[in-house]
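Now that you have both chains on their own, put them together as the hints suggest.
So the sequences go chain by chain: F and Z. With UniProt numbering, the residue at position 101 of the first sequence is 101, and numbering never jumps. With UniProt numbering, the residue at position 112 of the second sequence is 112, and numbering never jumps.
Treat the hints with care, since some could be wrong.
As a list, the in silico PhoX-like pairs of lysine-lysine whose alpha-carbon atoms are at most 20 Å apart [stated by the list, open to error]:
| no. | chain 1 | residue 1 | chain 2 | residue 2 |
| --- | --- | --- | --- | --- |
| 1 | F | Lys-228 | F | Lys-71 |
| 2 | F | Lys-359 | Z | Lys-83 |
| 3 | F | Lys-326 | F | Lys-228 |
| 4 | F | Lys-108 | F | Lys-64 |
| 5 | F | Lys-359 | F | Lys-374 |
| 6 | F | Lys-460 | Z | Lys-399 |
Per the computed footprint, the stretches of chain F lying under chain Z, defined by three or more beta-carbons under 8 Å from a beta-carbon of chain Z, are [stated by the list, open to error]:
| no. | region |
| --- | --- |
| 7 | 78-85 |
| 8 | 350-358 |
| 9 | 383-393 |
Hints listed in this document are in silico derivations from the structure and should not be mistaken for laboratory results. Cβ coordinates follow ideal geometry from the N, Cα and C atoms, glycine included.
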Amino acid sequence: MSIKMPEPDQAVLARRDEIVAALRKIVPGEGVISSAAEMIPYESDGLMAYRQPPMVVVLPDTTKQVSQVLKYCHANGIRVVPRGSGTSLSGGALPLADGVLLGLGKFKRIREIDFDNRAVVVEPGVTNLAISQAVDHKGFYYAPDPSSQIACSIGGNIAENSGGVHCLKYGMTTNNVLGCEIVLITGEIIKVGGKTAETCGYDVMGIITGSEGLLGVITEVTVRILQKPETARALMVGFADVEAAGECVAQIIGAGIIPGGMEMMDKPAIHAAEAFVHAGYPLDVEALLIIELDGPGVEVDELISRVESIALSCGSTTCQISVSEKERLLFWAGRKAAFPAVGRISPDYLCMDGTIPRKQLPLVLRRMKEMSEKYGLGVANVFHAGDGNLHPLILYDANKPGEMDKAEAFGADILRLCVEVGGVLTGEHGVGIEKRDLMPEMFSEIDLNQQQRLKCAFDKDGLLNPGKVFPTLHRCAELGRVHVHGGKLAFPDIPRF
Amino acid sequence: METLKPRDAKDVEDAVRAAIAGEQPLEIVGHGSKRAIGQPMATNALLDLSALNAVSNYEPNELIITVEAGAPLADVKSLIDSKNQQFAFEPIDTSGLLGTPADAGSIGGMIAAGLAGPRRIRAGGARDHLLGAHAVSGFGDSFKAGGKVVKNVTGYDLCKLLAGSWGTLAVMTEVTLKVMPRPESERTLLLRGLDDIAANAAMTMALGSPYDVSGAAHLPGSVLRTTAGPLGEIGAPDQALTFIRLEGITASAVHRAASLAARLASFGKAEILEDAASSAAWAAIRDVAPFAASGPRALWPVWRIVCPPASGGKFGQALARESQGEVVYDWAGGLIWAALPPSADANAKILRQRVEAIGGHATLIRAPEPVRQAVDVFHPQAAGLAALGQRVRASFDPKNILNRGRMLRGAAT
Ligand SMILES: Cc1cc2nc3c(=O)[nH]c(=O)nc-3n(C[C@H](O)[C@H](O)[C@H](O)COP(=O)(O)OP(=O)(O)OC[C@H]3O[C@@H](n4cnc5c(N)ncnc54)[C@H](O)[C@@H]3O)c2cc1C
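Excised from the complex, chain Z in its bound form (with noise of 0.2 Å):
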């Protein structure tokens, strides 16, 4: 397969126009830290967009970051983080779930997977957080959307569209991203023990309160078992751990901690878990450590799973009895990530089906190649929804020329 390494937009341009003129799909990699996600594509060429990395402006006091796309995330993080600033949506590293390189990723890669991580409940997504995109469409041109500043409605909101797209609705070549403060400290109260839906009530509760909670999660007790690293530590095996998260300045977070522990007292005593011991669990759980590619579900496929947060308890003890799975939830219950037993279709359909009853929708998020080929990787959409979304991608992309078929089974021929 042919790659291409364009040094700027107008190179990308180029690409996308004779890849229009060829009738040649491009596959658009940043770091390829994603490859695996996705529809398998039928593309001949690569469009690698590595080469476009640099930081184009940073203004902490402004509260955004203007960058290229193919920029590391890893470098952009701790330059940002050197201004004691952070993506607040927490984007999750899926190396490990993925079994690829430590802290690959690129910028553009991050917004366009759209992979938000505990922080999500309180902050929002990557969507929240994309200000503006100068970006190459399938029709070859070169096109700026959104703005510069951090409060903007001017046209359309093209930048959500963008987010989330897995790069097939347009190339991003250069974004601008909100910033924000992190916070001066974090406490994590942890409750044991607790059975799925107690937990999920728990959580409920937690999130209910004024106390600004801006994490959430659940590890059941049988994945504890074969957890390593961070989790593995604090848990015991067979005895589930609940997290909850506070945030903001020492003061504050202490405070509420012990607010929010007294309030959760028939859930059993919390332990509070401090700065650096916080936020080590909570880096695992974004990275959904439980189901890494190195661990002993390796071979499982793993789906991302999201519900209304009420819901996810009763959801997910289900499941996971049922199909001798495992899950984990995030969220407040929100999001429960699942690893089944290996499968030909991955277990979608049941899967779909329960899922839609509570009103969620999953994704596939690891799979080996033939069980993604072989299912929709994405929700399916009501009949007018989808036939929507198409004519929306349509109007990016007419020629299908951008990850033909990332986003739906069947359209990569």
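Pulled out of the complex, with its shape left as it was, chain F reads as follows (with noise of 0.2 Å):
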């Protein structure tokens, strides 16, 4: 393990009984877990490469319980991990040994569907998917969908301001949230927005919303749902060479088509997917587009045949079009299986998520091929091709010794490459620990100061989730200070009316 995380408070660590006792007079019964064997499922989150028990469990059930909790462990200086349902690929909800690990797991409510209003109240314990499917008897859904959307909690998708195959269309958690109720380190508890258009103030919705539970606990959400469209199709289209694909991609956008989703897979990965699905996707091609239109009939048709003569006007050496629900849903099955099929053929493999400008492709897949052969570990992409977002997947061995190791150094150059080309760290999974110490590659220490001053104004003694997204962590009180620069002139050197 190659992140180090903050020296654990040895002073907390010694009154851990007695932090137990209190936390269970908070949180009663079985909201309150303490022994070795029972915190086991808590010790890691998706990035299950890393892993740490806490040095307790809490799983509250209140508003009112998450206030006291914090402002208990406030008071006494102790150290709190956020965690929803554990599916962050960042290791975002990666348990400290002397912090509370926060679940909230048991708030699982749905408060209130409002059609009228378009919006949904939550409790963030409630899965991505339970949203969508308690609208869907009037057609509607919750548009951003992370392909974990069986199991990620809404609180973890606030948190991690997730995305989906939809968000080029439909946008990104943030986009797609109205309110939420957040409890301060410090116990307050702060509502934000409501069922409006627009928030008053200063945006807080928004700050919190991909904050990685450094900010606050969010104890309750509100989104807005929208009606499903009527209906949708799919192109599957292969291609002898990335260029011609990334071209493709560009043209289509360049045509002003925003397709509900548009996904490009490489040779390794096409081959991993079809063999575990079976989808029919064709084998002797370097990259593979699929591309959905969605909308009312006669929209998608006409689209589709738009987007079929931009392929072929782009050299596309397949193209196949969903005529039927269960083709579409096909050609998807191998793109959505894609994690779990690369699964197979490796025993291990660390997935990535830069964003790149779309037009620096080719030349960011050339490149990771030459580091793929550096490092003598293969690699297979798949990519949300609409927005740049690349997930490369790293294919390695963890019971070969130094292997992990160097999956992570090859995933770290990935991500600076990413930079390089003029693309960031991260589209959708967050920085977490996986990448906060590549955050001066994209961050000067005055960028990350001022990030680090917001934090200030939420928890100033840096108790929720330190050690994660910052590698670097400051005192409030040396982050406030102005200094004044330069000698007394008022307004040196600029042109004055």
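Here you go:
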């Protein structure tokens, strides 16, 4: 394990029994878990290479309990790690040895469905899919659809600002949330937004979204729901080289078409997926695009034919158009199963998540191939092609000494490359611990200081989820100091009137 | 008052640093088109960003444009228009409402004000289209927020805070925005003669349909008595108009307009406005033409009320009746523009009590300076959230140098 977490506070550890007893007073019954065996399921999240038992697990089921737990931890200088369903791929919910793991799994109620205002009020532990299921009978759904949607919680989605294959057209989590209730580390309960399109004042809702559990604990969420499109159809298009596939994506967007989903897979990913689900993917192509158009039938039919002719003009070697819902789902089956499919051909894999300007795709894939040779590790690529979000899957075997370190170094090189070509470290999985030490690749110290100052506005003692996102922690007093630069001369050397 | 006109981000840094050293708060302006919005400020120097006006990078195929903050919105709009793209949140042009020169306004101002138009119900607001920014904080440091790609979750999403912060957190020097394809065609269903409650119900039904509505607005008949321009031409005095817009490829817009008209049959027979006529009407709705400063209600304070959409009709109808004012509905009832007869507090107290009761909030967009001095221009928040907001502000600008007091009454001293 190459990531260093904050040193455990021995004074806190020494008080463990007393802390557990105090938490039991706040959350009675089975809501406090302190035995080593029972804490095992909480030792890691979706970044499974990293494990750490927490000091204690607390599973409150009311906002009041959350507030009291946080207030107690704040008063006693105890660190807290919030956790939803534990599917984070960046280690955001990795426990701390001296920390309380605050699980929101008992917050499972859907509080209100308001079809007229197209809003649903839910508790944070409700799964992403459960929201869509709850409104399905009236033809509605909740648009952001991470592949983990059966399991991941809406609270976790907010904390990570999760995406999905439909977010090119329908937005990420942040574009689909109307309001929330958060509890600050002090125990203070804050409500933001509601059933309105906009909140008032500074966009606190927007800053909570994607804050990876560092600013507050989310205890209620209001999301907006949409009517399902009337129909959807997909094209499956193969190309003899990645450049042509990339050009096809650019031309589709350039023609003003925003597909409901536009995914790309490279040859290793195509082969792994086909061997797993037998979706009928062509095996002799270098890149495969799955492009879905949704909307009324007349629109979908028209756009399908426009996309088809763009694909042909870009030199596609195969092009299949779904003629039934069954076939559309089959096209998707391989893409949706790409991670487990890769899991079958390799004992272990690391799932990376960078975004690049799309035009850089050929260069990035070429460089990735060179890195793959250098590290002696395979890589398969699935790619949210419309928005430039890459998911390289690095294949390795954790049982071979040194291979995991090599895989991590390879992954870091890929993310550095993303930044180098004008992209970013993460498009949807978050920074967590996984990309924490790469933050300086993308942000200067000044940039990072400004972000940490914001943290100070929410949690000045740094007790919520420390060790995540930021490689170095600074004291708030130090960050808040204003330096007076230069001489006293007001406004030197700037044109004035 | 002294005006500083920085040439680049470095000059902006120097200006802010000097302001910190001299404890001189700065008023930040792009083109000054929205200076009349907000709490009157206590600043004695003007930081004019209009010389930072370059388009740094426009990549239509990547759906992004990077521009300096002082670039004229009108120019940037025509640039992206030439590639059949647009800012999907349909930023409003406040010049008619405020009586300022037409077509003025900078990109930075558009984001800092964050005033989105009718398409907000479908495409989101300014906050949803700001991908990245370079800005100078009240520490005098240039920092970067976000990125230059459409999908990014690296670090806190500081862009969300900058959008709609009215220049009180940091001076944006360059922004990267998401641009989206401009729809090929538009069709607008026009229903006549509905009262506010029925119109609200029709718009709710439309938004609850799968037809992907991109605008839903209602103008009560009393408003149309005195409205000139495209809306006046479509309307007859005292006959309310309800507009519902569908955009996309032609075949789709036509199909959805017909399907939706059938679904809304119980509200009357819909007329259909096509492309140019439709877009002229929506531009007038977006810019709240009925309350234009050149019109008969020039002296009336104008409120922008955001509320749960399905509550809009009932709320607005009662407000108009009891205050003898006028209202215009957008966002299917979720946005109400209210022009109220002049009074010392612009009816703030009673209005806000009622808005809060339905879970909404209200901003005073137009009022004479003494009125804005006397009332909270931005909706007062619950104590905890307000305190958090001030801590957030201080985390960017601890000395309160930037647009001091613009968003918070009593903070100007
Ligand atoms: C197979 C698989 C596929 C995936 N596919 C996608 C995908 O397509 N798109 C995508 O974006 N992600 C994807 N993910 C990643 C992951 O599912 C998302 O990040 C998800 O949002 C995490 O939700 P969770 O409830 O599991 O959160 P957790 O893993 O429990 O926590 C994630 C972070 O959120 C914080 N947190 C959780 N709940 C709260 C709360 N109530 N209040 C405050 N902070 C909280 C935690 O502290 C942590 O930092 C995938 C993961 C897996 C395993």
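- Item | Violated hints, by number in ascending order, as checked against the structure | Violated hints (numbers, rising): 1, 5 and 7; every other hint is consistent with the structure.
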